[in-house]
Structure formats: structure tokens, C-alpha cells
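Below, each chain spelled out in residue letters.
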Amino acid sequence: MTPALDPKLLEILVCPLTKGPLRYDRERQELVSDKAGLAFPIRDGIPIMLADEARPLDETETRS
Amino acid sequence: MGDDIRIFDRQVVRLHRDRAARDLARHDFLFRETADRLVERLDDVRRRFPVALDLGCHGGEVGRALNGRGGVETLVQADLSPAMARLAGGRRVACDEEFLPFAPASFDLVLSNLSLHWVNDLPGALVQIRRALKPDGLLLATMLGGETLKELRHAWMEAELAEEGGAGPRVSPFADIRDAGGLLQRAGFALPVADADTITVSYPDAMRLIVDLRGMGETNAVADRRKGLTRRATLFHAVAAYQRAFADDQGRVPATFQTVTLTAWAPHEAQPRPLRPGGASIRLSDALNGEPRPVDDSPP
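Heads up: the protein sequence lines correspond to chains P and S, in order. So in the working numbering, spot 8 of the first sequence is number 44, and the numbers just go up one at a time. So in the working numbering, spot 6 of the second sequence is number 1466, and the numbers just go up one at a time.
So that you can see chain S by itself, here it is in the shape it has in the complex (with noise of 0.2 Å):
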């Protein structure tokens, strides 16, 4: 399942998790701030959701913004580091995106907050999330989209062909927002929605932004990524890029964050759905001149 796709090393991605936990508090002020919006978009629900996933949990962010909001009494987080689930509390377990321990119609909710970019098999993974909702239970997830550090990505470039002949994958690839809304449709899911948000972030140089990157465990995980150590002056060549290219006149950098957010439901009888071909009750020239009628003659 999902080898034949492999964009990311999992293993790694795990990594720089389990790295990330033991200082995350320091660095996880975009978690925190996406993991408020996402749980906002509960108070336009009128539903209560009792039975909740919190999936790449990362250190429990969306569980403390979430504080009472969707009739939430019982949350389970799971993160692929089991020193992230550790550092969330409550009630956690360790787990794979790509392989969730959830018996069908377990839960009302998962919420997913920046984690699912990261999966190899999204898919598959979205297969499995439908499964592990009961009918009519909400998917709220957020991932990082394409636009997503594309001042980081053209100062590596630069960097790369400069000082070493050649340019590899350095930052990894993001979700397309314009797939998005097909692959939930496609996973099962019904009323799909995806949409797209813009944080810009304003860092003193470019190097604290790569600080800060490590100490997420946002870093790259591309699987045929270069391996081994990045040459130092690789690395300062593209910091020198990053600033001549994007520093303001206070000589800040930004670093563009693209949030894409996917909002959909497990089918459930209730909701609206378009009618089957032929099954209209009203017969549309009717409904185009005058009083519409019952369609009066039998199916064939």
C-alpha cells in the first residue's frame, strides 16, 4: 500500500518529529496559529461533536485551542512521533497516516492540522480517515499548499547552482489546492470544500527561518532528496540570496506559509445530494413556462 508513490521518507519525517518534541514550544507558532483558524470553523457548525481525532497532533496545539468548542468531550491525538503524542497529553496514541488503528464509525470529527502534507499516500490516507468517521462525521484538516516557502525554494536554487553545479529537491513539495476538492470527492467523502489561506511570516534573516523550519520538524523529507550534510557555503550563499532577493528596507525577510484547508463529510442519507438521472419529480419545461406539474407518465 502507497510504495509505489513514495515522495516522502516516513522514517525521516518521524525524525524530525521526534527531534522537534524536545524543543517544539520554542517554534511552534504556526501550528498554533493555524490550529486557532482551523478550530474556528467549528463555531459555524451547528452540530456537536463528541468523539474526536486530532490526527498528526504534533504537541497538542488544536487540542488546547480547541477548549470546549464542538461539543468535544473525548479527543484522541495521535502523532507519527511517538514523542509529539507524548508531549500532547490526554489520551494518544502513535500512529501512521498512511495506516490508522481506528475500527470504522469511530469518531464525529478528525481535525488534521498541518500533518497530512507530509503523507505519501494521500488517497489512501483520506480512504481510511472516511472509514474511521461515523456517517456524517466532519473531516477539518489543513496542509501546507504550493505557494508555500517559495522564497526559500528559489534561494536554494539559486544557491545550488552557484556553489555546486546542480539543484536537487531542497524544500519539499506541496499540496495543489486545485486537487484537492477531487481527491476528497474521490475518497468517499461528500460536500467537499477546499480553500486557501496565506500567512506571511516576517523573520530578522533567512537563517532564523531555517531555525525555526528544524525546530518543527518541517524540514525537508523528500525521499530522493541530497543526502548527507548541506555545505556550509551552500547554506550561506542562500541565506545571502534569500535577503538580496526578498529583505524589505528594514532588511526583514518574509517566508510565505500557503495553509490549504479541506472541509468534507461522510455520506450520510440526510444529506443533499443532486437526484439520480431520471428521477426528477417536475418536468423542467414546466418549470420554464408557467406552473410546474407533476410529472405524470411512468418510468419505462
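If we strip away everything but chain P, and leave its shape as in the complex, we get (with noise of 0.2 Å):
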């Protein structure tokens, strides 16, 4: 069972990039930014908040 991503932490963390807000996909356990078209991970529950870390989000994952 992968550990939940700490509440507290979820309310202030924003895109490094963009300061824009993140959604947080507890299915792939990512926090998905998607102004920046990029999908940082969590890993043991600590987010990856690293641009080079990040996943590039494709076209049909978007919600903007």
C-alpha cells in the first residue's frame, strides 16, 4: 500500500515552474501540474518536486 501524501504538504505545495496549482492523482500517486504539462512524482510519499524528475504530460491527460 503506497502512503498517502500528507495533507498538510498538499495545501502548500504549488508547480516550481509555473506557481500554478497541482492536482494530486493518487492513482499514480503523482502531483500533476497541468499549466506546466508535467507530472511530478511522489515517491514513499515524499513529492519529487524536480523539473528533470518530472513526467511530461501527453495531450489527452490535460484538463485545461
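These are computed hints drawn from the structure, not numbers from a lab. Given the structure is predicted, the values throughout are model-derived calculations rather than measurements. Possibly wrong hints are sitting among the right ones.
[Said to hold, decoys possible] Straight-line Cα separation of at most 25 Å, SDA-like style, residue types lysine to any residue; simulated pairs: (1) S:K1594 / P:P43; (2) P:K55 / S:H1487; (3) S:K1594 / P:R59; (4) S:K1594 / P:E63; (5) P:K55 / S:R1646; (6) P:K55 / S:G1550; (7) P:K44 / S:G1528; (8) P:K44 / S:D1665; (9) S:K1594 / P:E47; (10) S:K1610 / S:D1665; (11) P:K44 / S:P1510; (12) P:K44 / S:G1642; (13) P:K55 / S:P1510; (14) P:K44 / S:P1595; (15) P:K71 / P:Y60; (16) P:K55 / S:R1470; (17) P:K55 / S:G1528; (18) P:K44 / P:E63; (19) P:K55 / S:V1511; (20) P:K44 / S:R1507; (21) P:K44 / S:G1531; (22) S:K1594 / P:V50; (23) P:K44 / S:R1674; (24) P:K44 / P:D94; (25) P:K55 / S:W1725; (26) P:K55 / S:Q1471; (27) P:K55 / S:R1551; (28) P:K55 / S:D1581; (29) P:K71 / S:A1563; (30) S:K1610 / S:F1559; (31) P:K71 / S:F1559.
[Unchecked claim] Now the stretches of chain S that chain P is said to cover, found in silico as 3 or more residues with beta-carbon under 8 Å: (32) 1483 to 1496; (33) 1548 to 1561.
C-beta: ideal position from N, C-alpha, C; glycine also.
The task is to assemble the complex, starting from two chains supplied on their own in separate frames and drawing on the hints.
Written as C-alpha cells, this is what we have:
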């Protein structure tokens, strides 16, 4: 079972590049920045907010 | 952002830290010492800081030193190296000081222990820190100053000139305390103060110092450093030169670490500030000769 992301962290985290809001994808354990088109991985409950570790979103994924 | 002044290779900074995280407990002496000194400053502040960030947390030294100080209830620990962040425990984030992932006005307090000297765009990082602070929030940060490792710098220079016929930057450049106050002010902080402190560590020999620096993840990450492995002859020459120049009568050598501590507040209306020109309520001439009287003429 994957550890849930700490709610306090979820409250204060934003996209490091756009400073825009993030979407928490519980299934994939990712924090998604629609504006930047990037998904930041959460590993062992630790959000990895580094651009070079983020997964670029494909077109079908973006919601904005 | 920041690409125009790229002094440090941030990938290398991260790599050094990832590597150091494996065996940090044997080499974290300096981090623990400066973490203690940093959080002691909170004792002088009569305020509580419920939500705090430790930016560049290494193995969580500041978090452990805090130990209930400053009324911190929630501490977020962040490091460029995910391996370091994992080591720190608690609420953790891997992030880059140059691209902070925190919403405006998230924290009452931002602490940073010996990390900001690896940032290329320090003015940019300070602006982002200021925005992440609530109004009247406090930044309390140490970074390594320009006097740091002056002995090692000297020894490398001598060794490279002798063995390789030229010298490149072996020891990273550090911050100058004279710049720090101005930087904080330009980043929009109020009441900025920068002060310096020197810690001299005694080592049995210079090799032990170099091993320790590697163990802390604090070895050179200058972008245009000499690439590739250090030649053995140069390394031995540097160790010998260090010994020759600095050893005491027992053969031990000193290593200087200068820490620059930055204290600054996110602006808030209640803070003391100079009046706007023409905003005086008492005439200077009256204040200088006898009883001050209110200014009676209305402003133009």
C-alpha cells in the first residue's frame, strides 16, 4: 500500500515552474501541473518537485 | 531563470548530496554544529512560528536541533536531493531552491542550514523564499562565507601549479558577507541583518578533511571546474602543501569554516520603518532647540 500524501503538504505545494495549482493523482501517485504539462512523482510519500524528474503529460491528460 | 549566472552545476550538487546521504552520520559534524547555533537564535525571538520550512535540510539536523523551539508545530523538510530528504524523515519534499514549489504565504519561518551557498541565483531564491513567507515571517539562514576553506584553496593552488602547470577553481566560491545585507533588501525583506562566525576544525591531516567534505556532499560543484579525476600526484602534493603551511607542533591541521547568518523578515505593516520624506510630524529645528512642536503648515 502506498502511503497517502500528507494533507498539510498538499495544501502548500504548487508547481515549481508556474507556481500554479497541482492536481493530486492518487492512483499514479503524482502531482500534476496542467499549466506546465508536467507530472511530479511521489515516491514513498515524498513529492519530488524537480523538473528533471517530472513526467511530461501527453495531450489526452491535460485538463485545462 | 538563473541561466545567465550559472556558477554551480546543480546536477553535481544533487549528485554529491545523493552520494553523501549513504553515510552522512559519520560526516555531519559541521551541519549539526551550525544547526544548533542557528536554532539557538530563535530563543531571542519572542514569537511563535507554527509552520516552518527547513530548506536544504540535509539529514534533518535542523529538525532535530529545533526540539520544540520557536513554537514550531509543523516542519516541512526540503532538500535538492531526494536521498537526503528521505533521511530527514517527517514531512519531506525534494525541491530546488531556485524553483520553490510553495504557495505564497505558506510559512511563518524559513530555516536554511548551509545550503544556500550552492544556489546560482541567490537573489531569485531569496525572492521566492520571501513570497513563501507569511507577512512578518522570519528567514533564518546560514551559508558558507568567503573565508571558508582558505587553507585548502591555498594548498590546491600550490599543488596544481607545481604538478599541472595551471590552476582552476578547486574550492567553490562562497558568499561575501558584505553582499548579503543588500541582497536581502533587494529581495524585499525588512530589517535584514547578516553576521559572520568562524568555526575552526582540527584534523589529523588534510586527507581526512577532504574525505569529510566528500562525506558531507560539500565538494566542489563549480560548473567550469576541472573535469575528470584528480591526479594522484596533485592530490598528494596538495595534502603535503597543506601540512607544510598550516600544521601545528603536533602535526594537526586547521580547517576554517566561515558561516554567514542571514536574518530577515517578510514585510508587515506593524514593523518599524523609516518615514517617507516629508512625512515628519515634528520640525527638526524644534527638535534641536528646545520643546518640539507639531508641524503647523499643511503639506503642499
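Keeping to a limit of 25 Å between CA atoms, is the pair of P:K55 and S:D1581 held or broken?
holds, 18 Å
Check, residue by residue, whether the region 1548 to 1561 of chain S contains three or more positions whose beta-carbon lies closer than 8 Å to a beta-carbon of chain P, and give the verdict.
holds (count 9)
Taking 25 Å as the top limit, are the C-alpha atoms of S:K1594 and P:R59 close enough?
The hint holds at about 24 Å.
Are the Cα atoms of P:K71 and S:F1559 separated by 25 Å or less?
holds, 15 Å
Checking one constraint from the list: CA of S:K1594 to CA of P:P43, max 25 Å. Satisfied?
holds, 19 Å
For the pair supplied as a hint, S:K1610 and S:D1665, is the alpha-carbon distance within the 25 Å limit?
The hint holds at about 15 Å.
Mind checking the alpha carbons of S:K1610 and S:F1559 for me, to see if they're no more than 25 Å apart?
Distance of about 31 Å is beyond 25 Å: violated.
Given pair status - S:V1511, P:K55, alpha carbons within 25 Å
holds, 20 Å
Take a quick look at whether P:K71 and S:A1563 sit within 25 Å of each other, Cα to Cα.
holds, 15 Å
Assess, step by step, whether the Cα of P:K44 is no farther than 25 Å from the Cα of S:G1642, and give holds or violated.
violated, 34 Å
Has the given pair, P:K44 with S:G1531, been kept, meaning a C-alpha gap of at most 25 Å?
holds, 17 Å
Checking one constraint from the list: CA of P:K44 to CA of S:R1507, max 25 Å. Satisfied?
holds, 22 Å
Comparing the model with each earlier hint shows violations of hints 2, 4, 8, 12, 17, 23, 24, 30, 32; every other hint is respected.
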